[in-house]
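K.L.:
Read left to right, the sequence shown gives residues 1 to 601 (UniProt numbering).
Treat the hints as calculated values from the structure; they're not laboratory data.
Keep in mind that a hint or two might mislead.
Said to hold, decoys possible - List of simulated lysine-lysine pairs, DSBU-like, C-alpha gap at most 30 Å:
id: 1; residue 1: K230; residue 2: K205
id: 2; residue 1: K195; residue 2: K242
id: 3; residue 1: K133; residue 2: K351
id: 4; residue 1: K59; residue 2: K145
id: 5; residue 1: K465; residue 2: K560
id: 6; residue 1: K365; residue 2: K389
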Amino acid sequence: EEELPDGLEESCSQEEDEDSDSDASSVAGVSSSGSVALVSRNCIECLAQPTEAQEKVLKPALVCSLFPNVPPTIYFSTRDERVEKLPWEQRKLLRWKMCTVTPNIVKQTVGRSHFRVSKKSNDWLGCWGHHMKSPSFRAIREHQKLNHFPGSFQIGRKDRLWRNLLKMQARCGKKEFNFFPQSFILPQDIKLLRKAWEEGASRQKWIVKPPASARGIGIQVIHKWSQLPKRRPLLVQRYLHKPYLIGGKKFDLRIYVYVTCYDPLRVYLFKDGLVRFASCKYSSSMKSLSNKFVHLTNYSVNKKNAEYKSNSDETACQGHKWALKALWSYLTQKGVNSEAIWEKIKDIVIKTIIASEPYVNSLVKMYVRRPYCCHELFGFDIMLDENLKPWILEVNISPSLHSNSPLDVSIKGQMIRDLLNLAGFVLPSTDSVASRPQTSGSTCSLGSALKEKPKPASEHFIAEKMKKAYYLTQKIPDQDFYSSVLDILTPDDVRILVETEDEYSRRGQFERVFPTHISMRYLRFFEQPRYFNILVTQWELKYYLNKHKGLELLKNWCVKGYHTGAGTDLAQTWSLPKSFFLQKSSVQSNGFSKLELGRLG
């Protein structure tokens, strides 16, 4: 985290580092305050409506919620759609903070929804920029969204990813977390590496990577101890020497993973992606190890090969870059069960995100005003071995959105449009935008909090705390016990379920992989149980075959007295009966004394 920018202003005004995996866009200059990078005239034109001759389908500017009393979200269109203009009083709130690394494809998508470039440092609704140090997230206001979570580098750096997956292996068993090649972080693991090296076969291969670089920079394959670079730190990883080959060539998959929330955890996979081939045929010969066109699949490496062939057709299995859907079609024709591979990929993605969950959640609670403020797109690089087992090679927290071919534009354009709809941008009230933001130092001031007189907790708030404690303190919970979480829903429960269902209805070509009706199997991998994860997984288990019944139930609760808005949680609730815990079983009979209830809050 020490290497990250200090805040959003530094994050947005700094030049792109060449090791970044994101797409640097053309920039004309920086404002006098140095806070907002202004996009060039060409990019301003990108923000305007495209001028194709065909008639575009007119779409409403806002998407209504499935539920009453819940605000609508801003609609993001495809290139063949035209979004209606909101009245000026609302339209003037549509401001996007531009950074040197905001991809053109993001600029074009928000431009079609009539967003304008924010010229002030604090009047924006959305920003797509660099990651930054965790305390800097305090500056993000309640109606704003940044495309990162604090702490996501815990899987976004190769060394942290390995350390966290190693912890998961130790806690949950190697069988469940055996999808990342054995790795060593130098200098601290030098003795362990030497031991593994000496115990290995004579013709073993290792791949050496800088822990925080991208685009194939600094990567080499070695087979002699003397070839180990002196530069530190380094990640040294067992080389997957028997990859699955197509046309004699290695390839890897770029899978787009989108996390909208960490508590409850909500994870989506885009149904399409990219397949990137090495541009020379694979060889296991030691003499070939220095040839990056044989052993590396990075596009930024292989495009430099004169033999590299581009592919502009997303349905074609040709050239050195394919669409993921084209790969599944190819494998299916070869008699391979591609659906089974996809299920395995979903499994290892969920487990990897869970590995980062305790860090991200603790930092979100510490530095982020509300969960709405953060969302993140991850680029998972996955390789298939000769047995079609998927292995995670690395996770990118700023996956490249550079679109230099019709194939890229088609896949990434649709993905970003669906992602922004899924994000659920809400128009704030004019007052919340105009109000002066708190400084980062005063956002979480413990001193000022202590000076304020504590407000007496309402009856429903106490009941919510008791219910959460009840479901989190059972030593050996079973399905029957967990299923009772839906018997009586608190206002907080309804809010989370409404968010979850509304979000799911906007998913486009994303597939939600957590929570689903089978997610109970993953709860044991969390370092500590989360009440809302139990709630949403039980909801999915109960209603996944009858979505309509679940939605009608939630609508009734919303009418009964629940609504929400940008910058607020519950504005109106109904009182809970005193028999809250007594309908199923007594609080006292389940082992809670008054003293324990007090300690639990």
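K.L.:
Each hint should be assessed against the structure and marked as holding or not.
P.N.:
Evaluated hints:
1. K230 - K205: holds, 18 Å
2. K195 - K242: holds, 23 Å
3. K133 - K351: holds, 25 Å
4. K59 - K145: Holds, at roughly 23 Å.
5. K465 - K560: holds, 21 Å
6. K365 - K389: Measuring from Cα to Cα gives roughly 37 Å; hence the hint is violated.
When held up to the earlier numbered hints, the structure conflicts with hint 6 and nothing else.
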